[in-house]
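Keeping their order, the protein sequence lines are chains A and B.
For the first sequence, this note's numbering gives the first residue as 1, with consecutive numbering after it.
For the second sequence, this note's numbering gives the first residue as 1, with consecutive numbering after it.
Everything labelled a hint here was simulated from the structure, so no lab data went into it.
One or more of the hints may lead you astray.
[Unchecked claim] If the Cβ cut is set under 8 Å, some of the chain A residues that face chain B in the computed set are:
(1) I18
(2) A20
(3) L23
(4) V24
(5) A27
(6) L30
(7) V31
(8) L33
(9) Q36
(10) P97
Quick reminder that beta carbons are idealized off the backbone N, C-alpha and C, glycines included.
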Amino acid sequence: MSKKYKSKKIIVARQYQILALILVVLAGGLVLLPKQTRSEGVSPLVFVKQAVSSERYISTDQLADRIINQDPTLLLVDTRSKEEYDDFTLPNAINIPLEKFFDEEFNGFLNQDVYDVVLYSNDNFYANEVWMLGNRLDYKNLYVLSGGLNEWFNTIIDPQKPKETDSQKEFELYSFRKAAGMYFGVGVPKTEAKAKIKAEKKPAKKVITVKKKKKRVPEGGC
Amino acid sequence: MGPLIPNGLIPLEWNYVIAILIGMAFGYILEASGFSSSRKLAGVFYGYDFVVLKVFFTSAVVAVIGIFYMDYLNLVDITQLYVHPTYLWAAIIGGMVMGVGFLAGGFCPGTSLCAVAIGKIDGIVFTIGLMIGIFVFAELFDVLEPLFVGSNLGNITLVDSLGISPYWIIFIFTIIALVSFVISDIIRKKVKKVFY
Numbered sequence: 001m002s003k004k005y006k007s008k009k010i011i012v013a014r015q016y017q018i019l020a021l022i023l024v025v026l027a028g029g030l031v032l033l034p035k036q037t038r039s040e041g042v043s044p045l046v047f048v049k050q051a052v053s054s055e056r057y058i059s060t061d062q063l064a065d066r067i068i069n070q071d072p073t074l075l076l077v078d079t080r081s082k083e084e085y086d087d088f089t090l091p092n093a094i095n096i097p098l099e100k101f102f103d104e105e106f107n108g109f110l111n112q113d114v115y116d117v118v119l120y121s122n123d124n125f126y127a128n129e130v131w132m133l134g135n136r137l138d139y140k141n142l143y144v145l146s147g148g149l150n151e152w153f154n155t156i157i158d159p160q161k162p163k164e165t166d167s168q169k170e171f172e173l174y175s176f177r178k179a180a181g182m183y184f185g186v187g188v189p190k191t192e193a194k195a196k197i198k199a200e201k202k203p204a205k206k207v208i209t210v211k212k213k214k215k216r217v218p219e220g221g222c
Numbered sequence: 001m002g003p004l005i006p007n008g009l010i011p012l013e014w015n016y017v018i019a020i021l022i023g024m025a026f027g028y029i030l031e032a033s034g035f036s037s038s039r040k041l042a043g044v045f046y047g048y049d050f051v052v053l054k055v056f057f058t059s060a061v062v063a064v065i066g067i068f069y070m071d072y073l074n075l076v077d078i079t080q081l082y083v084h085p086t087y088l089w090a091a092i093i094g095g096m097v098m099g100v101g102f103l104a105g106g107f108c109p110g111t112s113l114c115a116v117a118i119g120k121i122d123g124i125v126f127t128i129g130l131m132i133g134i135f136v137f138a139e140l141f142d143v144l145e146p147l148f149v150g151s152n153l154g155n156i157t158l159v160d161s162l163g164i165s166p167y168w169i170i171f172i173f174t175i176i177a178l179v180s181f182v183i184s185d186i187i188r189k190k191v192k193k194v195f196y
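Could you build the full structure based on these sequences and the hints that come with them?
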């Protein structure tokens, strides 16, 4: 074996030695690297995407429609304090104040995939916070009532009459809100009721007597 | 971030296009590395050529180290990767049949197609035999089905069955690979050289 060939063989072998060493170092690095603790729930990227999306909001009209139709998949959660909840809330709602979100007894209501949970507070604020916490823990089917109870009052309990120049759609929405308000126990204002009764009075029908013409005896013929 | 397709970074429709491109690149590299030669492939059984062992073992080690580093750096979520289910006895018996076929024919299914692509007659004969084998297996499937679907251990890995940290398994696997390369080199030097 020539000297040249021998030296070449050693170089090749050394290349393989270096490659083998790199593999061992990399594999050993995996063992020695400090272990990461992975946070539970959704990834931050997904969380931010969902947080900026408006898909979580449900309008007061949609909610009223579902309550009136007695949607069995609906679960209303009042996120305000106990006093406020006792004072006024929506029918069949349960009270989970923000500070009691992590209580074991309420976990079953929030962490499930059977009901559509609609969260609400006076505004969006507390409901949004509960939604954020729930979403971070990857709870499913959480929604927020857009505008909260204030919006509920302005649209369902005391809706504003549309202007005469508004579209037909606005009037239909108004009459839906009026009807929904009545469902939730809000009476029709007296003045309007009177006007309605007045409008219902119909003028007496005029009787027109029609004299029947006597049949003529046919004259002539063939 | 990754895997790219399940996380929507690449549309699902590109799945097959990318698979075809990777397949073509894989076929090209197999052929360019001489894997379309049945003598080279069978050499691993006779001890005169261990390229097959070295290539496949190296690729496995590089891939597993790479994937775990990407997982560590949050570039790939390893829990989202597909783990093929383990059918224990089907894999053992199937592996033995495959080994006998590999030794007798000088190809594995992928490399036989490489050989067909460059017009090798032994590759064409092997592929015809492969098709006959598939046909016979399909016809006998009712008989073989209990073996085929039985002993399903689920989507398990060594981490689940041994209960050791995956990083230690990778390290040990790397050492085994390197030791096997050294041993195969020693064997190759002792075996009479075959020129092909």
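So, as I understand it, the hint says A/I18 touches chain B; can you test that by seeing if any CB pair is closer than 8 Å? Violated - the Cβ of A/I18 stays beyond 8 Å from chain B, reaching only about 12 Å at its closest.
Can you verify the interface hint for A/V31: is its Cβ closer than 8 Å to any Cβ in chain B? Result: holds, 5 Å to nearest chain B Cβ.
Status of the A/L33 interface restraint (C-beta, 8 Å, chain B): The hint holds - A/L33 has a Cβ within 8 Å of chain B, the shortest such distance being about 7 Å.
Does A/A20 meet its interface restraint, that is, does its C-beta lie within less than 8 Å of any C-beta in chain B? Check passed: Cβ of A/A20 comes within 5 Å of chain B, closer than 8 Å.
Hinted contact A/A27 with chain B - closest CB pair below 8 Å: holds, 4 Å
Verify the interface restraint on A/Q36: the C-beta must sit less than 8 Å from at least one C-beta of chain B. holds, 7 Å
Chain B contact restraint on A/L30 - CB to CB distance below 8 Å: At about 4 Å, which falls below the 8 Å cut-off, the nearest Cβ of chain B leaves the hint on A/L30 intact, so it holds.
Closest C-beta approach of A/V24 to chain B relative to 8 Å, hint status: holds, 6 Å
Should the hint that A/P97 touches chain B count as held when the rule is a Cβ pair under 8 Å? violated, 35 Å
Under 8 Å, Cβ to Cβ, is where A/L23 needs to be relative to chain B, so tell me if that hint holds or is violated. Constraint on A/L23 satisfied, holds at 5 Å.
The earlier numbered hints that this structure contradicts are 1 and 10.
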